[in-house]
Structure formats: C-alpha cells, structure tokens
Amino acid sequence: MVNSWDGALVDRCRRGDRQAIEKLIREYEKPVYNAAYRILGNPEDAADATQSVFLKAFENLDRYDANYKFFSWIYRIAVNESINQFKRNRKLEPLEDDSVADTSGPDSTVESGDLAHWIQDGLMALTHDYRTVVVLRHFSDLSYREIGDVLDIPEKTVKSRLYSARQSMKERLLANGIHL
Amino acid sequence: MLEARALQLINAEIDGELKPGESAELEAILESSAEARAMKAEMLKLVNLLDSVPEQAPPEVLTGRILDRIPVGKRPWNFALANLVSSFQPIPAGLAFATGLLLTVGVYELSPEQHAPDDLNSMVGTMLMESQPDSTAQDARLAISAPGVLGSVALSDIGDVLILSVDVAAEQKTEIVIAMANAGLGFRGIARGPSSEPEVGEYFEVTEGDLHVVSETSRPFNVYLRRVGNGAIRPQSLGIEVTQMGERVFEGSLELHGESS
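Quick note, the sequences are listed as chains A and B, same order. The numbering used here puts the first residue of the first sequence at 1, with every later residue one more than the last. The numbering used here puts the first residue of the second sequence at 181, with every later residue one more than the last.
I should point out that these hints are in silico values taken from the structure, not numbers from a laboratory. All values reported here derive from a predicted model rather than from experimental measurement. Backbone N, C-alpha and C fix where the C-beta goes; we use that ideal spot for every residue, glycine too. It is possible that some hints are incorrect.
Stated by the list, open to error - Straight-line C-alpha distance at most 25 Å; calculated DSS-like pairs for lysine-lysine:
1. B:K353 - A:K159
2. B:K353 - A:K170
3. A:K159 - A:K170
4. A:K87 - A:K56
5. B:K199 - A:K156
6. B:K199 - A:K159
7. A:K69 - B:K225
What the hints assert, rightly or not - Here are some, though not all, of the chain B residues that point toward chain A, as calculated from beta-carbon distances under 10 Å:
8. G201
9. R217
10. T243
11. D337
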C-alpha cells in the first residue's frame, strides 16, 4: 500500500505539471495494476484497466476532495474500472472462460509455482463483490476501514464479505487438491 | 458447526483487527473448541498463502502509454475524448447494418456517441495512435501483390495492443479478411487516417472470429487488435486474405513476434 501522499502533488497535476503527473502515475501504477490484475485475472486487461484508471483520474482530478485519502479515491476508480471491464469481457467473449484454466486436476502434485495459479483460480471463482474485498485486503494491504472507504460500504459488510470469501476460497482450494 | 461469532473473531484476529476485550473471548472459544482451533489453523494457512503471492510488475511501457495520452502543456482533464477520437473516423454503423452483417462489437468499441462522455474504458484501444505507426516500429510486414491489387499490411506490437496497418490499392471492391481468432487475437477497433471521411461502400464485420473489411476505395486504415485468453498459448501468425468478386486473389500471413509481458 502507498502510505505517503503529498497534496501539493495533486495541485501540481491539476495545473498540468508534467513531472507531477508522471510522479503520480509512478507512485500508484503498481498498486493499481496489481489490484486490477487480481480482479481481472490477466495482465492484458489489467494494463488496459490501469491506463483507464489514470486517464479517468486525471480527467476528474478537479473532483477529488483533498479531505479524503488519495489512494482511497484512486482505488475506488480502479475497482470500478476493473469490475466494469470484467463484466464487459464476459459480455463480449461469452465463450471464453476468464478464470484460470484447470489443467492439472485435483489429484495432481502441486508445485510451489502452481499455488499462485490456484489462488488466482480461487479468486476468479468468487463473485466480484467478494473478490474485491479479498484483493483489497490481501493484495492492496488495506484495513477493514480503508476497504469500507474505497467501496463505500460499512465495515461490518467488509467483514462479512471477507469471511465468506475466504471460506469459499478455502473450499475451492481443497476441491482442487490444495490441502490447507 | 462453528458459530458466526467464533468465525468473526478468528478472522479478525488473523487480520489484526480484534477489538479490545475480544481477545479473551476468542481465547475462551479456542480453548473449548477443537473445531475452532482447526478453523483458525486453516484460515491462517489460507491467509499466508494469499499473502505469499508475489506482486506483479506492470508492463514497462505502461507509464509511457499513459503519459502519451496526456497532451503536453495541457491541463490533464482538458484533453477531451472528442479531441482524441476526432482524428479517427470509424466506418459508419449504418452502412454496416445495411449489409446485415455487422457484429455490434466493432461499432461499440469505436463510436464515441454510444458512450457516456467520461467512459474512458470504452476508448481503450482506439485512441492509441493518432497517425500511422512508425514504420521503424513495425514488427512484421507483408507485401500484397495480385492482379488489380497492390499494397502491404504491417503489424506493430506496442505492448498490449497490436496495430495492423493496411494500405492496399485496388481497382475494384475488395474484401480483406483478417483471421484474428486463429491468431488468438480480438478486435478492438478500426480507424481511418486523420483527414478522411467515411465513404459509401465501406463496411466491416466480425464473423466467427474473422474481421472482414470491405472497401471500394483505396484508403489506408488501421485495425486495433489485442491478445485474448490467458496467454498460455501464443499464436505464431496472423492470416490475411484478399478477395474480389467473391474470388480469393491473395493469401498470406504475418508472423507474430514478441510477447507481451
């Protein structure tokens, strides 16, 4: 998670300062990309979504309220863009399975490199509401409260989604032969 | 079956979000319930697994790609989509519908009036280039030469998007078929040069994974493509076919080089 934020940087971006814009992108590009990657499940869509997030953020920078954390604001855009793109992919490519392909089966030996594969498979099997809280908690390292701020939902809802999502992931992993 | 309260406390402890006083409550539950202890152990392993997944590095070109979309010297939010899109003139949907052939995907990707003004997502893939790609950046080129048809097709791989630049002069109505699906590619838009206006007799369609572009003129155009799927299988070539009067006059393929990270 990006902890530091210089409000002056936003002001410079608002004035069209090229260096400030580049700095802002470089500071938030990786966390935004990673959140998008985990929600969308593939690098190409994550890159597209990340690009859209920043273009939309810059276009709407005058609407950003400096009383709130910038990362909450940009994460919110990132989550919305990623979910929108995920839905659009489903609509445009109905015959294509966005989830990670099941190539080994439940009885196969799980190598360490495959764990990331099965984790992503478990994520993609979740509804996007559940997937988003897991991504923000474990891949963006946000607290319950921060997740609530990003998604604009009560902390209680964050907890309940996160716990249910973990339970679903656990069952999915077990079904795929990953023993916890 | 564990009670919801026990699950809540176990998860909160794992996340470091236990509130004052809850530690003692959880301790009591764990002491009296083997099921709770097993659940906590499983959840801990799951969380450790999740936290052990390495971060992904964004494509190296991504920062540049984003910066390239922001005009130099302008306030960033003033670069209206219309400004970016105006340099491209999509083939009118009406013409395509008149043929009864058009799949709406292509038009949806291209026509700005079909989107909310701030829907930048919809424009990804269509606003990447404002002119023909630099010939030095082209990854593959295919010369097309047949009776009544002369020109070339070039492919530029600029990361997540591939740009197919078609420049073919023909003496009569010509159809160019691009076998996208066989190459593991998807359609992301089509665009004419900056000063061109759509003309009667031009249309395109996407059927069964192939893009068909029909034209009675000889104006160059760019087709925007993107890789689809999870990238496990990488295609080697993109098939190109040219037909006139229903007869194939040329067939060839472009070799796809370089993989997106």
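Verification of the supplied hints:
The hinted pair formed by B:K353 and A:K159 fails the criterion: a straight-line CA distance of about 62 Å is larger than 25 Å. At most 25 Å may separate the alpha-carbon atoms for a hinted pair to count; B:K353 and A:K170 exceed this at roughly 59 Å. Between the alpha carbons of A:K159 and A:K170 the distance comes to roughly 16 Å, so the proposed pair stays at or under 25 Å and holds. The straight-line distance between the Cα atoms of A:K87 and A:K56 is roughly 18 Å, inside the 25 Å bound, and the hint therefore holds.
Pair hint B:K199 plus A:K156 holds up; C-alpha atoms about 13 Å apart against a cutoff of 25 Å. Of the pairs offered as hints, the one joining B:K199 and A:K159 holds, with about 13 Å between alpha carbons and a cut-off of 25 Å not exceeded. For the suggested pair A:K69 and B:K225, the alpha carbons sit about 32 Å apart, so the restraint of at most 25 Å is broken. Checking B:G201 against chain A: minimum C-beta separation of about 17 Å lies over 10 Å; hint violated.
The closest approach between the C-beta of B:R217 and any C-beta of chain A is roughly 14 Å, which is over the 10 Å cut-off, so the hint fails. Residue-level restraint check for B:T243 holds (minimum Cβ-Cβ distance to chain A is 5 Å; threshold 10 Å). Because the beta carbon of B:D337 sits about 12 Å from the nearest beta carbon in chain A, more than 10 Å, this interface hint is broken.
Hints 1, 2, 7, 8, 9 and 11 from the list above are not met by this structure, while the remaining hints are.
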